[in-house]
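K.L.:
Now for the letters of each chain:
Number of protein chains: 4
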Amino acid sequence: MATLEEVTAFIAEEFPQTKCVVQAVGNGGSTLLHEVGVNELRPGGTVSGPTMMGVADVALYVAIHGEPGITPMAATTSLTVNFLRKPAGDKPIVAECKLIKVGKTLVVGEVTLYSQGTPQPVAHVVGTYSLPPRKA
Amino acid sequence: MATLEEVTAFIAEEFPQTKCVVQAVGNGGSTLLHEVGVNELRPGGTVSGPTMMGVADVALYVAIHGEPGITPMAATTSLTVNFLRKPAGDKPIVAECKLIKVGKTLVVGEVTLYSQGTPQPVAHVVGTYSLPPRKA
Amino acid sequence: MATLEEVTAFIAEEFPQTKCVVQAVGNGGSTLLHEVGVNELRPGGTVSGPTMMGVADVALYVAIHGEPGITPMAATTSLTVNFLRKPAGDKPIVAECKLIKVGKTLVVGEVTLYSQGTPQPVAHVVGTYSLPPRKA
Amino acid sequence: MATLEEVTAFIAEEFPQTKCVVQAVGNGGSTLLHEVGVNELRPGGTVSGPTMMGVADVALYVAIHGEPGITPMAATTSLTVNFLRKPAGDKPIVAECKLIKVGKTLVVGEVTLYSQGTPQPVAHVVGTYSLPPRKA
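Protein chains in written order, with the UniProt record's numbering: chain A, 1 to 136; chain B, 1 to 136; chain C, 1 to 136; chain D, 1 to 136.
No wet-lab data here; the hints were simulated from the structure.
What you are looking at is a predicted structure, and each value in this text was computed from that prediction instead of being measured.
Identical chains share a label here; the pair holds if one copy fits it or two copies do between them.
Lysine-lysine pairs mimicking DSS-like chemistry, simulated, CA-CA at most 30 Å apart:
no., residue 1, residue 2
1, 98, 86
2, 101, 19
3, 19, 91
4, 104, 91
5, 104, 86
6, 86, 19
If we strip away everything but chain A, and leave its shape as in the complex, we get (with noise of 0.2 Å):
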């Protein structure tokens, strides 16, 4: 288990290009803001896919470690991302990230995208994780 500020503190520097801002993690989740900038956006005043992606993939990065613990080598597996409604391009984006499995190698986790103040989410993301092996 690690505290908002460990996991703030070590997300600056595995990710020191996220403009994510960490507001809750623990008890297996995790939630989190993103502004979103003029790179960001698509024609149209939308934010761009990868941009969500990249939010939810910070979201279980950082759930994982509210949960076993700082975990630096833990990497992404796998993703899938379905697009459910067009994001504001005036909100952040918030992302709610729950753990589903936290086993020894691997670990599972959902995050619902949405942009902040509109209660139905904008994008549902299921992604994985692989931890490395730990030392006895």
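Keeping the supplied structure of chain A fixed, place chains B, C and D upon it in accordance with the hints.
P.N.:
Just chains B, C and D now, kept in the frame of chain A:
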């Protein structure tokens, strides 16, 4: 059907931020090359997952524009990514896309991603796009 | 909207081979129970993957019939299954389905599968169905 | 590496209910044929989704046994299926599997499913299997 020049011009307008260079399009597929910049690296000198997902998304989009023709309102509905090997941080990502089904409302395609010059793929993507209803 | 009785009668006709019993339907979701027979076991006394995928597929189908109403031509377009834990061979599979998006042409939902009486899920499924065009 | 005879004998033991006939195995792939019975049909004379997912699952399992060799404890961790076209109810399903990555703990492969004699695929599957830790 659209030519390489038409698709390149269209992508420049639709994805002004993309660094993807279309190398081939047609016959239900596309080949793209994407130089890797500092912002797309992860610690350890590897390419970030969202960068690869973004390239795959554009490769599908390009292949669709080559096949039924320029279709501005095509929208990604789902992407499933399997990360296979660590991409090299100092080599461009090459994407080879092949459409599996071009239906009236849904297109399904797969994209294999490589680090340029390396025969083993770094990631595999299956994606679906929805097409806007055609006018009679 | 359709009642539990209407949906049960409809499923009996559409899926004559299914052993799924609909326990609840409505509010954008469904709950099903599926007894496990000898043909659905794998060596080691666990339930086969295709059995679980089949139950999830029916759960999505049932939830759709509860929500927009009976929709015979709804067809599965994709399913992503993550197998999480070994299901018990001597307990029914319980499926809890929740629709994430009900659009005009696409429905996205998730299904969590359990061995009856065990709180930890054995599998997680995200699926999409395409709906037939509605007549005006 | 295992021969066609070895794999066929192994599958008969592991999947006693399967109707899949292994036609080829090796070189990181497999080809299977599956006769369609009455229980596997859906109204309209088409093949049920779980039947196709089951065939794809066995095709991956067979390909793995051909490649690293017989590996009884290999277990499916995820499957993503895209249904592409209506399969013919009166023709066997043919599965062509190709492994994309054979790692130490994870194998990723894709399977393309056809109605025998029809060049257009009816479904596409990407699946991952976890391998048991190897003894030194």
